[in-house]
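Protein chains in written order, with this note's numbering: chain U, 1 to 243; chain Y, 244 to 366; chain A, 367 to 449.
Keep in mind the hints are simulated off the structure, nothing from the lab. Quick reminder that beta carbons are idealized off the backbone N, C-alpha and C, glycines included. Mixed in with the good hints, there may be bad ones.
Stated by the list, open to error - Straight line, CA to CA, 30 angstroms or less: simulated BS3-like cross-link-like pairs of lysine-lysine:
| hint | chain 1 | residue 1 | chain 2 | residue 2 |
| --- | --- | --- | --- | --- |
| 1 | A | K421 | U | K158 |
| 2 | U | K158 | U | K243 |
| 3 | A | K421 | U | K243 |
| 4 | U | K105 | U | K158 |
| 5 | U | K243 | A | K416 |
| 6 | A | K416 | U | K158 |
Unchecked claim - Beyond 10 angstroms from chain Y on every Cβ pair, some chain A residues (computed):
| hint | residue |
| --- | --- |
| 7 | H372 |
| 8 | V374 |
| 9 | A377 |
| 10 | L397 |
| 11 | V403 |
| 12 | G406 |
| 13 | P407 |
| 14 | P411 |
| 15 | V412 |
| 16 | Y415 |
| 17 | N420 |
| 18 | K421 |
| 19 | R423 |
| 20 | P424 |
| 21 | M429 |
| 22 | L432 |
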Amino acid sequence: MKPERDATNVRFAIRRYDPERDERPYWQEFPVRVHPGMTVLEGLHQIREERDAALVWRSSCRMGVCGSCGMVVNGMPRLACSTQVLEISRHRLRLEPLWNFDIVKDLVADQGPMFAAHAEVQPYLVRAEESASGADQSELAQNPEQLIDYLQFSYCVKCGLCMAACPTVATDSGYLGPMPLTAAQRYNADSRDQGAARRRSRVEQTGGAFHCHYAGECSRVCPKGVDPARAIQLLKRNLVFPK
Amino acid sequence: MRESRIWSLHLSCAVVLLILLGLHLVIMHLDGTLALIDPAWGKPLAWNSVLARARSSFFTATYVLMLAAALFHGFYGLRTMITELTDNPFLRRATSISVWTAGVALFGLGAYAIVVMHLRAGA
Amino acid sequence: MALTHHPVFQAVEFLIFAAFAFHALNGVRLLLVELGVAVGPPEEPVYPYKSSLNKQRPLMIAMMVLAGLFIVLAGFDFFLPGH
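Use the sequences and the hints to build the structure in full.
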């Protein structure tokens, strides 16, 4: 433990909501002792241990890998586990559940619609000719140049920060969104994949890739450097000029 | 029509407009600047200038092309905005039908005016 | 055509020209970006991440400077006496 004299007092203003009790979300403030290097997630744990055991959020790996702890910190979607409190503010933090999703409770957003959209783009390797037994035994070799075509997009952890930041997702509930469209490009660009034609019908219709207008917010907030905006523009190019 | 075809057409119209609408704005509105380059440059709204353009087959053809490109590009943009602001399938369908109807009707009216002007100017 | 020489008419005409210059040059940028030309190829992300937004920024700045130049030039043409 860090000595207490290093601690800075930061107020955490948290958007609370319990669907069984509250008509609408409200703000509640908690004082948190913050030492240098402490993350927003550690602050939440401190509140739950010392102030309010009923405070709810999602988190798991606490190292930016699982993508569970996405929330809006002072107006910007971030992962709570890889955001240090003092880098954001020495006075007050405003924590909200991810925008553009329904709220389950407190800081937990309902990401069900995002995962449903993800499933729609068939985010897995699709092979045209399946052997009669259903098992493709051949080896699918890939060189480093072919790997780099999709590697960046495969770092996605499905945290949904891009969905929360996207202005088109905010206005158009039928829009697939940056995460599923990036997943589509990740597999389309994979030299082992042959499913681009099958994904086409979904990603080019209304609510698909052409509803992206390159606001670029997804790439600004992505905690893994996936650059969804780039993926979607490359997806559009391949839709207009098929390989 | 597939959305990617419509979108490609939207981009193609943008390129056409970039050239034709650019020319239109420069010829019609930057006549002062053009006169600096070529002192003999006339007034674009003078009767003889209007008549000369109406007689020209080149101008008549580009008017029709520009009209088509502008209507398609503009109405596609409008349709995109409205579709993104409503999830209602009925409203979306109604929007598509309305913009197609308005676009075709306005193209008919405009093309008629351009052709009649060309013919009456005594080509 | 007295109407077209009215100051309000000319001011609105100028606004149309300015809107065209901005929309057209921003459109050139979007054309290059949305067809995947100006966003750069996929690359291994290394922290601090640079995205396609950084890649297309010089193009965006160039286009906006050009738009500004066209609008100022048109401003002289529209509003200097004698035109």
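Against the structure, test the hints numbered earlier, and report the numbers of the ones violated in rising order.
Violated hint (a single one): 10; every other hint is consistent with the structure.
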